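Residue numbers (my numbering), protein chains in the order written: chain A, 1 to 416; chain B, 417 to 648.
The set of hints was computed from the structure by calculation and includes no laboratory data.
Quick caveat: nothing in here was measured; it's all calculated off a predicted structure.
There may be inaccurate statements among the hints.
[What the hints assert, rightly or not] As a list, the in silico PhoX-like pairs of lysine-lysine whose alpha-carbon atoms are at most 20 Å apart:
#, chain 1, residue 1, chain 2, residue 2
1, A, K134, A, K186
2, B, K530, B, K542
3, A, K91, A, K244
4, B, K600, A, K4
5, A, K4, B, K539
6, A, K186, A, K157
7, A, K4, B, K530
8, A, K153, A, K107
9, B, K600, B, K451
[Claimed, not checked] Selected chain A positions facing chain B (in silico; Cβ < 8 Å):
#, residue
10, Y11
11, V15
12, G18
For each residue, glycine too, the CB sits at the ideal point set by N, CA and C.
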Amino acid sequence: MLLKLSFSSLYARLVTVGMTILAISVSLMLYMSVEKLRTSAYTSFTDTISQTDLIVGARASSVQLLLYSVFRIGNATNNITWESYLDLVSKEEVDWTVPISLGDSHKGFRVMGTNKEFFSRYKYRGNQSVSIDKGYLFEDLYDVVLGAGVAEKLGYKIGTSLVVSHGLKSFSDHDDQPFRVSGILKKTGTPVDNTVIVSLAAIEAIHVDWSTGAKIPGQLTPIDEIREMDLTPKNITAALVGVKSKLTIFQLQRWINEYPEEAMTAILPGAALQELWRVVGVIENLLLGISVVVIFTTLVGMAAIMFSSLSERRREMAIWRAMGASPFTVIGLLMLEAIFISILSITFSVVLLFCVLNLLQPWIDYNYGILVNIEMLAIKDMYVFALFIIASITVSLLPAIRAYWFSINDGMTIKL
Amino acid sequence: MDESIIKIDSVRFYWSKKSNFKIFVPNLEIKKGEKVLLLGESGSGKTTLLSLMCGFLNPLSGNISINGNTINQLSSKTRDEYRADNIGIIFQQFNLLPYANVVDNVLLPLYFSKVRSNNVSNKKEKVIELFKQLRLPDDIAQFRASSLSMGQQQRVAVARALIGNPSLIIADEPTSSLDADAQKIFLNLMFEQISENNSTLLMVSHDKSLSNQFDRLIDINEILIREDKSCY
Chain A
1 MLLKLSFSSL YARLVTVGMT ILAISVSLML YMSVEKLRTS AYTSFTDTIS
51 QTDLIVGARA SSVQLLLYSV FRIGNATNNI TWESYLDLVS KEEVDWTVPI
101 SLGDSHKGFR VMGTNKEFFS RYKYRGNQSV SIDKGYLFED LYDVVLGAGV
151 AEKLGYKIGT SLVVSHGLKS FSDHDDQPFR VSGILKKTGT PVDNTVIVSL
201 AAIEAIHVDW STGAKIPGQL TPIDEIREMD LTPKNITAAL VGVKSKLTIF
251 QLQRWINEYP EEAMTAILPG AALQELWRVV GVIENLLLGI SVVVIFTTLV
301 GMAAIMFSSL SERRREMAIW RAMGASPFTV IGLLMLEAIF ISILSITFSV
351 VLLFCVLNLL QPWIDYNYGI LVNIEMLAIK DMYVFALFII ASITVSLLPA
401 IRAYWFSIND GMTIKL
Chain B
417 MDESIIKIDS VRFYWSKKSN FKIFVPNLEI KKGEKVLLLG ESGSGKTTLL
467 SLMCGFLNPL SGNISINGNT INQLSSKTRD EYRADNIGII FQQFNLLPYA
517 NVVDNVLLPL YFSKVRSNNV SNKKEKVIEL FKQLRLPDDI AQFRASSLSM
567 GQQQRVAVAR ALIGNPSLII ADEPTSSLDA DAQKIFLNLM FEQISENNST
617 LLMVSHDKSL SNQFDRLIDI NEILIREDKS CY
């Protein structure tokens, strides 16, 4: 009967209680969303490249090499010669390699020269490969494959003609050798989406009439002639490497780092990603801080609402007491109410969270390349909920003790 | 055998030493089965005295016995239980739980008192019986208390105080908002039930015209000394 009356009391305060539950649910949902975003951002970041054992480039720090070779941020300190690359390819431990040549751009998007192996060897989010959405991979020397983001932002379609600019700033264009869009990749949520991909030979081709970073005045080799040339690259920027046996990774890394002909660096992508995450991890800490503040605010809000509803319930408390309820029963009822509100808020917040995530997941993935996992709640979430309930009970103690004093002092004097 | 149901002996109470409300009750005794009217003007200490008798407040010195038990010497928990077992309370504004239906309001004291609960073999039948005796319509049972008229709320409050036959009914100005005719009807109904239960009634009022309907009249000024005023 006590429970029934307690629920009737809650029902009678439906609007106040409803608003409380809504406020707490939204706060909890916000907390869980931030947490989901935080963990998903980490996962998406560390899953940018997978199943590549080593990334090889000119001598640089591991973070710098990772930034320019995978995230297309910054510039390479130097190139590595094709001979060194071939030396690497010939190593017994090496299973596969993908050469990468960077340096040019198109309307702010980085142009990457590579070979067709890239499309099957580059993996992200575990075992996912980049795949063609429309058209086909480059068949002709002047074919270009666009990442989904480039195609969408520039409005390019199959067959669109484009000109590659020399370097990252468009001071001069390779307008004598225009490209044609042959394929558009599916969205990956990785830097590939914002990359213009051409063949290594194409990178060589557009630089035929160039020397030491500048166009040779008066020299314009006809395209037909270029097509006939040996377009084997002289340099590349980096290479993705897969080994036959994981046991040989460190051995190969050491060989590369100590390569006598040229200063090269080999990094483990996983370790470098972790290192880079520690640098950008301040954002993660910020999100974590926001989560904690949100939860704290929720609890303070809950206490405030309970306090404010106390005066309207003062009469009710005194009636309970007059009928024989002990002060502890009164405290118990308030705590029970806090538990009930917490559980209902948690349930509602979870429903709200999944609705919001379902609604926003494609948008977040599309715009920020973060795939927010919509999965069942993790054990950690359960701990957070349990902690929240315990905190709610603790927070409700304050108004409950106040109610205890009210109920004692009101005695026969309740006249509201 | 002690025939008194309430016995007050040298009870002193104030909220704090600096309080301008200090009371001292040297002696008061009410016999079992009596219908007593406690008269006094507003602010004279009637409600404080009732709170002391109900065990809501504890005297600073002296003793208050209800049914032979010195309630101010009981632990807080035992005092709450003792109140639930022995005292039915009717408030000035009835104080029904507005969100609960009429039956739940009436049955509320039984939840806290095993003694009173054991006195009622069939709770629903008893409620309906009380409704009949208090001239309440049968179909009122499931109505929410907040939907009742003033007169109906009054009678439901009486039913709540009477259920389970508590030996003492304490009523704090329950007729203050009624006109003379309504007061008479209400008191008659209450007296009928109290007599049937052999309960004792202590009712507080500031209306002297009610005095001829009670067995005994106590003027609060004759039993209670305002120590704060005697200081001036």
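Okay, the hints, checked on the actual structure:
1. K134/A to K186/A: holds (8 Å)
2. K530/B to K542/B: holds (16 Å)
3. K91/A to K244/A: holds (11 Å)
4. K600/B to K4/A: Status violated; Cα separation ~36 Å.
5. K4/A to K539/B: holds (17 Å)
6. K186/A to K157/A: holds (13 Å)
7. K4/A to K530/B: holds (19 Å)
8. K153/A to K107/A: Given that 20 Å is the threshold and the Cα spacing comes to 10 Å, the pair holds.
9. K600/B to K451/B: At roughly 15 Å apart (the allowed maximum being 20 Å), K451/B and K600/B satisfy the hint.
10. Y11: holds (7 Å)
11. V15: violated (13 Å)
12. G18: Result: violated, 15 Å to nearest chain B Cβ.
Of the numbered hints listed earlier, those contradicted by the structure are 4, 11, 12.
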